[in-house]
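So the chains spell out like this:
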Amino acid sequence: VQVVESGGGLVQPGGSLRLSCAASGFIFSDYWMTWVRQAPGKGLEWVANIRDDGNEKYYLDSVKGRFTISRDDAERSLYLQMNSLRDEDTAVYYCARTPKGHCNGSTCWPNLKWFDLWGQGTLVTVSS
Amino acid sequence: IQMTQSPSSLSASVGDRVTITCRASLRINSHLNWYQQKPGKAPKVLIYAASTLQSGVPSRFSGSGSETDFILTISSLQPEDSAIYYCQQSYTIPHTFGQGTRLEIK
Chain C
346 VQVVESGGGL VQPGGSLRLS CAASGFIFSD YWMTWVRQAP GKGLEWVANI RDDGNEKYYL
406 DSVKGRFTIS RDDAERSLYL QMNSLRDEDT AVYYCARTPK GHCNGSTCWP NLKWFDLWGQ
466 GTLVTVSS
Chain A
9 IQMTQSPSSL SASVGDRVTI TCRASLRINS HLNWYQQKPG KAPKVLIYAA STLQSGVPSR
69 FSGSGSETDF ILTISSLQPE DSAIYYCQQS YTIPHTFGQG TRLEIK
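Residue numbers (this note's numbering), protein chains in the order written: chain C, 346 to 473; chain A, 9 to 114.
Hints were generated in silico from the structure; no laboratory data involved. Note that the Cβ used here is the ideal one computed from N, Cα and C, for glycine as well. Certain hints may be false.
[Claimed, not checked] As a list, the in silico DSS-like pairs of lysine-lysine whose alpha-carbon atoms are at most 27 Å apart: (1) A:Lys-114 / A:Lys-49; (2) A:Lys-114 / C:Lys-445; (3) C:Lys-387 / A:Lys-52.
[Unchecked claim] Here are some of the chain A residues that sit facing chain C, going by a computed Cβ distance under 8 Å: (4) Pro-15; (5) Ser-17; (6) Ser-19; (7) Leu-34; (8) Asn-37; (9) Pro-51; (10) Thr-60; (11) Gly-64; (12) Ser-90; (13) Tyr-94; (14) Phe-105; (15) Gln-107; (16) Gly-108.
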């Protein structure tokens with residue numbers, strides 16, 4: 346059971362990059378998926394997520410219109426197309442499996458999400 | 009929603025009881041998760057839904073709270089617990105993280 350990111354690298358400001366996340370060992374199409382990033386020496390930042398059927402997508406305001414999250418369930422893969430990259434997009438990008446919904450006794454939280462499986466991350470460096 | 013953790017860092021001894029607090033700027037029900045991150049590694053979920061222990065996580069970790077105030081407790085600190093701990097809310101988009109609490113073992 347794992348997810349493995351790839352596609353990171355050095356890109357100039359204004360450039361583009363496409364990250365991939367390959368899933369194995371679980372039913373990929375059953376899960377929401379999320380991208381989280383971490384700038385060097387900084388904390389974690391949620392970037393985007395996508396519903397299990399691909400029909401809902403949400404983004405951090407600062408990446409809206411520049412980044413596109415997508416998935417291919419047949420390939421068991423998640424993607425992040427990043428355009429118009431800025432210096433502040435420099436970070437390690439993690440792919441995370443995202444279970445949705447939980448019940449504890451008689452109490453249920455149908456929209457609760459958490460990140461229970463993370464990849465090792467892929468480094469994106471935006472610099473001239 | 010802003011998530012604020014306290015303290016930002018702490019140092020404790022093996023066997024100590026440690027608590028880390030997370031405060032949400034708006035009510036988030038129990039949509040609160042806790043993660044542990046060790047240097048050079050991906051984060052790992054410890055607690056979700058404020059108080060549910062993730063499978064495989066030692067029982068010395070526990071979570072409590074609801075709405076705006078949450079606590080992560082380590083009942084008896086172990087050397088391997090040296091890490092940065094993050095809270096995260098999934099009540100609204102964006103699913104924001106706290107700034108992190110760095111825990112050092114004395």
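Hint by hint, here is what the structure shows:
{"no.": "1", "hint": "A:Lys-114 / A:Lys-49", "in the structure": "22 Å, holds"}
{"no.": "2", "hint": "A:Lys-114 / C:Lys-445", "in the structure": "38 Å, violated"}
{"no.": "3", "hint": "C:Lys-387 / A:Lys-52", "in the structure": "17 Å, holds"}
{"no.": "4", "hint": "Pro-15", "in the structure": "15 Å, violated"}
{"no.": "5", "hint": "Ser-17", "in the structure": "13 Å, violated"}
{"no.": "6", "hint": "Ser-19", "in the structure": "20 Å, violated"}
{"no.": "7", "hint": "Leu-34", "in the structure": "15 Å, violated"}
{"no.": "8", "hint": "Asn-37", "in the structure": "7 Å, holds"}
{"no.": "9", "hint": "Pro-51", "in the structure": "6 Å, holds"}
{"no.": "10", "hint": "Thr-60", "in the structure": "6 Å, holds"}
{"no.": "11", "hint": "Gly-64", "in the structure": "10 Å, violated"}
{"no.": "12", "hint": "Ser-90", "in the structure": "17 Å, violated"}
{"no.": "13", "hint": "Tyr-94", "in the structure": "6 Å, holds"}
{"no.": "14", "hint": "Phe-105", "in the structure": "4 Å, holds"}
{"no.": "15", "hint": "Gln-107", "in the structure": "5 Å, holds"}
{"no.": "16", "hint": "Gly-108", "in the structure": "5 Å, holds"}
Going down the numbered hints, you'll see the structure goes against 2, 4, 5, 6, 7, 11 and 12, while the others check out.
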